[in-house]
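First to last, the sequence lines map onto chains H and Z.
Quick note: the first sequence uses the working numbering, first residue 1, plus one each step.
Quick note: the second sequence uses the working numbering, first residue 1, plus one each step.
Think of the hints as simulated: they come from the structure by calculation, not from any bench.
Fair warning: there could be bad hints in the mix.
[Unchecked claim] Covered stretches of chain Z, as calculated for chain H (at least 3 residues, CB under 8 Å):
1. 29-43
2. 184-192
3. 214-226
4. 249-257
[What the hints assert, rightly or not] Mimicking DMTMM-like on lysine to aspartate or glutamate, the simulated pairs with C-alpha atoms at most 20 Å apart in a straight line are:
5. LYS120/H to ASP195/Z
6. LYS300/H to GLU150/Z
7. LYS120/H to ASP20/Z
8. LYS55/Z to GLU30/Z
9. LYS280/H to GLU266/Z
10. LYS233/Z to ASP119/Z
11. LYS120/H to GLU266/Z
[Unchecked claim] Some residues of chain Z that are not near chain H, with every Cβ distance over 10 Å (derived):
12. ARG19
13. LEU108
14. ALA294
Here a beta-carbon is modelled for each residue, glycine too, at the ideal position from N, C-alpha and C.
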Amino acid sequence: MPASSTESDYRMNIHEYQAKECFRAAGIPVPPGDVARTADEAEAIARKFGGMTVVKAQVHSGGRGKAGGVKLAKTPEEAREHASRILGMEIKGLTVDKVLVTTAEDIASEAYVGVLVDRKTQAPTFMVSSEGGVDIEQVAATNPDAIRKLTVDPRYGLLPHQALWLANALYDDPGIIKQAAKIIGQLYVAFVNSGASMAEINPLIVTKAGEVKAIDAKMSIDDSELFRRKEVAAMRDTSDEPAAETKARDAGLSFVKLDGDVGCCVNGAGLAMATMDLVKYYGGEPANFLDIGGSSNPDKVVAALEIITSDPSVKSILFNIFGGITRCDDVANGIVTATQRIDIEVPVVIRLTGTNEELGVQILEKAGFSAYTSMDEVVEKAVQLAKA
Amino acid sequence: MAIFIDNDTRLVVQGITGRDGSFHTGQMMEYGTQVVAGVTPGKGGQTFEGPGGAKVPIFNTMDQAVAETGANSSVIYVPPAFAADAIFEAADSGVTFVVAITEGVPVLDMARAHAFARDRGVRVLGPNCPGLISPGKCKVGILPAQIVAEGPIGLVSRSGTLTYEAVFQLTNVGLGQTTCVGIGGDPLIGTNFIDCLTAFEADPDTTAVVMIGEIGGTDEQEAAAFVHSHMSKPVVGFIAGQTAPPGRRMGHAGAIISGSAGTAAEKVKAFEDNGIAVAQRPVDIVGLIQDALA
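Next up, chain H with everything else stripped away, as it sits in the complex:
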């Protein structure tokens, strides 16, 4: 099974504080915390809680602790100092614009509990380990025997004895096992109710007073769940993603920004990837992945062209369209309309093949574009133009 801790996947990642809200809603004991966007707010929150607090950067990235984004504060003033350093800090290229201020716990032991949808068993699968607070991938590599796994039948959900069996791998004390099993069951509820594809508590701690609590939370949501979970969809934070990707999602396009200079606009995800690969094969570098889908709607083509041309490093734009059910003449009309609506300063080369190919080529040629029918030819040309 894929290890969970580095996945960002087909999923919408949510922040720790948001995942903790989902956990609390399922009944999982989570220490109190609030989000601050300024150092002043951080101090006020620490003062409200009293005692020791932890100030934690809220970014969609692992390794926050190592990057200096998680700090223990003895006083509200110290929480303020930490917050002022962490806010604005960059962690793996992402700028921190909010911190979670949470009460500090007296930790006796740390464990790991996670659940994700496993591709191989096609079912939610739990992983637990008594080695908590570290990357579970690392545990899987160095000490696989320390991990206990369980496949859940998604029709019945996690059964009570299964939760106990998992908790038994973590603790010896019956009272602690009981608390942990309850939390594991609640984690499954939070996972299902949020439409998650991954949820993890790392670490799950036992306090010196013998209480089991979740002090860190991570969750990714299956994009396909969002249409029926508005409250979860509202958790999307676009502040640390490129503006072009936000715009693409709003336009219903699948887009990923890359570092090259050949803009790619393709119908279908597999063909889009193969086109990027071919750009590389001919000595170029793709500027993006973009799947315009099966639609030949000019609005989508306009949005696609706007997104691609907004990237200053793009030196040429390549369309690769295989008309199946999508008709080439429709796509050609979409491209012509789109180029009338927006100014494009870089050369555009187009490959159209499949259904109504001749009609499509005619439309494009009339509008002054040259159309190709071979994928290799058009990619080679686009690479040449980007280098010119």
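Given the structure of chain H, go ahead and fit chain Z onto it with the hints provided.
Below, chain Z alone, put in the same frame as chain H:
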């Protein structure tokens, strides 16, 4: 011969009255697929009119459709919110093969639907797939019919348009196909590479197989090992996503490199290690197949 669908396929279209369902029903009928029934709850008793005035009865439930028409397969064009229910209903109706075209079905819904179908011995293809076509016999789904031709090549792919690209090139050089199957780009799919390879190996008319994979997961690696240990017929491969960055979803929900797992390089290596010739470009597939058949 062909795999999964042929002249004996008797198809029900679930969601026949929707925009996509009605359009593709017409296309399938035009190709010669025996569409024997449609299902749209609340529209039972109505009739779907296909090309040339051919009439298809519409039923409220799958159960009625199968009882009245002796259907043995279904194809699903319903929206994501209802797709899993459509699979449950189909799997309980007596059909043995269900093709789910719908994209964007929640993964936890599919985990339940796949388990349910497996228990009933029902094969699901997809979801988020273009379907399949056995040239000259039957087409189920959305694959464009004009790019295929009858012949000896089996083709299986996780992609839609990339499949068309490969099929088109084969057809252009006179290499027709027994069946072209798009297994879908989702993380949880009902029919995988190994299922298709098993069927192609058993199909007497298939002489060589093209397998088109992409980044994400380990299905290709397992399929490669299967080819080595279980297949006598030559297999030619292609993997899309050499230039895909890790951790980013490339359109398909399942097309993602997780950590260091699921990379194109890893899959290409698995193919090569197991005797599968790998095309560097889609256009190279044709030459490799010709070599394999020579």
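Now the hints, each set against the structure:
| no. | hint | result |
| --- | --- | --- |
| 1 | 29-43 | violated (count 0) |
| 2 | 184-192 | holds (count 3) |
| 3 | 214-226 | holds (count 5) |
| 4 | 249-257 | holds (count 8) |
| 5 | LYS120/H to ASP195/Z | 14 Å, holds |
| 6 | LYS300/H to GLU150/Z | 36 Å, violated |
| 7 | LYS120/H to ASP20/Z | 31 Å, violated |
| 8 | LYS55/Z to GLU30/Z | 13 Å, holds |
| 9 | LYS280/H to GLU266/Z | 18 Å, holds |
| 10 | LYS233/Z to ASP119/Z | 31 Å, violated |
| 11 | LYS120/H to GLU266/Z | 17 Å, holds |
| 12 | ARG19 | 12 Å, holds |
| 13 | LEU108 | 6 Å, violated |
| 14 | ALA294 | 23 Å, holds |
Hint violations for this structure: numbers 1, 6, 7, 10, 13, all remaining hints satisfied.
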